[in-house]
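Trainee: Here are the chains, one letter per residue:
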Amino acid sequence: EPEVTQTPSHQVTQMGQEVILRCVPISNHLYFYWYRQILGQKVEFLVSFYNNEISEKSEIFDDQFSVERPDGSNFTLKIRSTKLEDSAMYFCASTLMGGTDADTQYFGPGTRLTVL
Amino acid sequence: GIQVEQSPPDLILQEGANSTLRCNFSDSVNNLQWFHQNPWGQLINLFYIPSGTKQNGRLSATTVATERYSLLYISSSQTTDSGVYFCAVYAYNTDKLIFGTGTRLQVFP
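Line by line, the protein sequences are chains A and B.
Number 95 in the working numbering belongs to position 95 of the first sequence; there are no gaps in the numbering.
Number 1040 in the working numbering belongs to position 40 of the second sequence; there are no gaps in the numbering.
Simulated from the structure, these hints should not be mistaken for lab results.
None of the values given here were measured: they were computed from a predicted structure.
Cβ coordinates follow ideal geometry from the N, Cα and C atoms, glycine included.
Hints may be right or wrong, so weigh each one.
[Stated by the list, open to error] Chain A is nowhere near these chain B residues, computed Cβ spacing over 10 angstroms in every case: (1) Pro1008; (2) Ile1012; (3) Arg1022; (4) Pro1039; (5) Thr1053; (6) Gly1057; (7) Leu1059; (8) Ser1060; (9) Val1064; (10) Ser1075; (11) Ser1076; (12) Thr1079; (13) Leu1105.
[Unchecked claim] Pair ranges (Cβ atoms, derived): (14) A:Lys83 / B:Asn1056: 18 to 28 angstroms; (15) B:Glu1005 / A:Glu59: 12 to 22 angstroms; (16) A:Asp63 / B:Asn1024: 30 to 40 angstroms; (17) A:Ser81 / B:Ser1028: 21 to 31 angstroms; (18) B:Thr1053 / A:Ser81: 41 to 51 angstroms; (19) B:Pro1050 / A:Asp62: 28 to 38 angstroms; (20) A:Asp62 / B:Gly1016: 42 to 52 angstroms.
[Said to hold, decoys possible] Quick list of in silico lysine to any residue cross-link-like pairs, SDA-like style, CA-CA up to 25 angstroms: (21) A:Lys42 / B:Ser1007; (22) A:Lys42 / B:Gly1001; (23) A:Lys57 / B:Gly1041; (24) A:Lys78 / B:Ser1007; (25) A:Lys57 / B:Ile1012; (26) A:Lys57 / B:Glu1005; (27) A:Lys42 / B:Glu1067; (28) A:Lys42 / B:Ser1082; (29) B:Lys1054 / A:Glu3; (30) B:Lys1054 / A:Leu96; (31) A:Lys42 / B:Asp1081; (32) A:Lys42 / B:Asn1038; (33) A:Lys42 / B:Tyr1092; (34) A:Lys42 / B:Ile1012; (35) A:Lys42 / B:Tyr1069; (36) A:Lys42 / B:Leu1046; (37) A:Lys42 / B:Ser1028; (38) A:Lys57 / B:Tyr1092; (39) A:Lys42 / B:Ser1051; (40) A:Lys57 / B:Gln1037.
The shape of chain B in the complex, shown without the other chains (with noise of 0.2 angstroms):
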């Protein structure tokens, strides 16, 4: 089956720095989503990035699928950006999200 890996796994900041955030995966998707998972456990959806680049605030993301890697951007973090990043993509012909091995980001005032 399609393997997604994320890199880094863990990644420590100090408030203000910036931070881009990658994902791999092995074969053709149709889909890729970004999630948030922040201390309480709960997955907030991102982006959903199947190709391109698209912003939201202080945080962009790029897909380039003929490449096989999307890459999440965050600028000026915030304590609250803390948490653990993960992508998760669609492979053709099936009907579920297979999710990457995720970043732990810490950032400290």
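Only chain A is shown next, with the shape it has when bound in the complex (with noise of 0.2 angstroms):
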């Protein structure tokens, strides 16, 4: 069966330093997301992209945060200086449709980042 994959698994990193975290979404799907969980929290959505621009974005999603889909199979993550708060498990989802005819989100295993 299809999956939604990302890598790495876990990175750490000093505070104030960019990292990247890539996604493969499942391949002949058409909507992208990133989603994070604070340790012990609830999961909470930052970003969806759909014909390679951003669809809708959440206040946690600021000017730190970008994202892109360099080719036709990755969809990444960038977060351009580090914070302490950003330490979380960042997980990548991707649907077939999207918007008012949503169907099921798969989602990847997750990246947990740990800044320092």
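Two independent chains are provided; combine them into the complex using the hints.
Mentor: Encoded structure:
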């Protein structure tokens, strides 16, 4: 069964450094998402992406964050200058249909980001 | 924005027991999904259930969209059912899943 993959599984970085989290969505999916989960809390939406554009973003997704689909398979989340409070599990998700015809979102296994 | 509340927050069961988890949402939704977060942190899809009832083995789910709630039933629980169960909804005119607060389930042998 097709699945969403994410790399790395765990990333440790120093405060102020840039990190790039990588995702390979399911191949025929068109809508892509990033969510994060701070330890012990619920999962929060960061950003949705369709047709090479951000379609929606949360208040968390400020100028330090960016997303890109650099080729036909990868979807990346970049944090330009990490802060301690960016430490969290980051999930990538994809779906065939989004918006008002939303279908099941499939989640990757997550990247655990630790900022020291 | 839409609020998603789950109950109970914590549930402790002995193996073989049945349980019902509840998800209430404050506004009309376009979609609802149930997830199981295992001890390794992975989010496993259980059901896509905007309305009606679905069953998958020992698990079943019912969503009554007009009354703004969904229920997840776990029968004959096993220790591998332990973890956190989240419901998540799409509100109309949004393109994101809004997650509930979760129910932490512990099943002991």
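Trainee: Okay, Asp63 (chain A) versus Asn1024 (chain B) on CB: inside 30 to 40 angstroms?
Mentor: Because 35 angstroms falls inside the window, the suggested range holds.
Trainee: Holds or violated: is the Cβ of Gly1057 (chain B) farther than 10 angstroms from all Cβ atoms of chain A?
Mentor: Given that every Cβ of chain A is farther than 10 angstroms from that of Gly1057 (chain B), nearest at about 16 angstroms, it holds.
Trainee: With a cut-off of 25 angstroms on the C-alpha distance, tell me whether Lys42 (chain A) and Asn1038 (chain B) pass.
Mentor: Roughly 14 angstroms separates the two Cα atoms, so the pair holds.
Trainee: Determine whether the Cβ-Cβ distance between Lys83 (chain A) and Asn1056 (chain B) falls within the hinted range of 18 to 28 angstroms.
Mentor: 41 angstroms, violated
Trainee: Would you mind confirming whether the straight-line C-alpha gap from Lys57 (chain A) to Ile1012 (chain B) stays at or under 25 angstroms?
Mentor: 37 angstroms, violated
Trainee: Measuring Cβ to Cβ, find out whether Ser1060 (chain B) lies farther than 10 angstroms from everything in chain A.
Mentor: 17 angstroms, holds
Trainee: Just to be careful, I want the Cα atoms of Lys42 (chain A) and Tyr1092 (chain B) compared with a cutoff of 25 angstroms; is the pair within it?
Mentor: With a Cα-Cα distance of about 21 angstroms, the restraint between Lys42 (chain A) and Tyr1092 (chain B) holds, given a limit of 25 angstroms.
Trainee: Run the C-beta distances from Thr1053 (chain B) to all of chain A and say if the shortest one exceeds 10 angstroms.
Mentor: Thr1053 (chain B) clear of chain A: closest Cβ-Cβ about 17 angstroms, beyond 10 angstroms.
Trainee: Is 12 to 22 angstroms right for how far apart the beta carbons of Glu1005 (chain B) and Glu59 (chain A) are?
Mentor: 21 angstroms, holds
Trainee: Can we trust that Pro1008 (chain B) is non-interface, i.e. its beta-carbon lies farther than 10 angstroms from all of chain A?
Mentor: Holds, since 15 angstroms exceeds 10 angstroms.
Trainee: Taking C-beta pairs only, is Ser1076 (chain B) more than 10 angstroms away from all of chain A?
Mentor: 25 angstroms, holds
Trainee: Is Lys1054 (chain B) close enough to Glu3 (chain A), meaning Cα to Cα at most 25 angstroms?
Mentor: 22 angstroms, holds
The structure is inconsistent with the numbered hints 14, 17, 24 and 25, although it conforms to all the rest.
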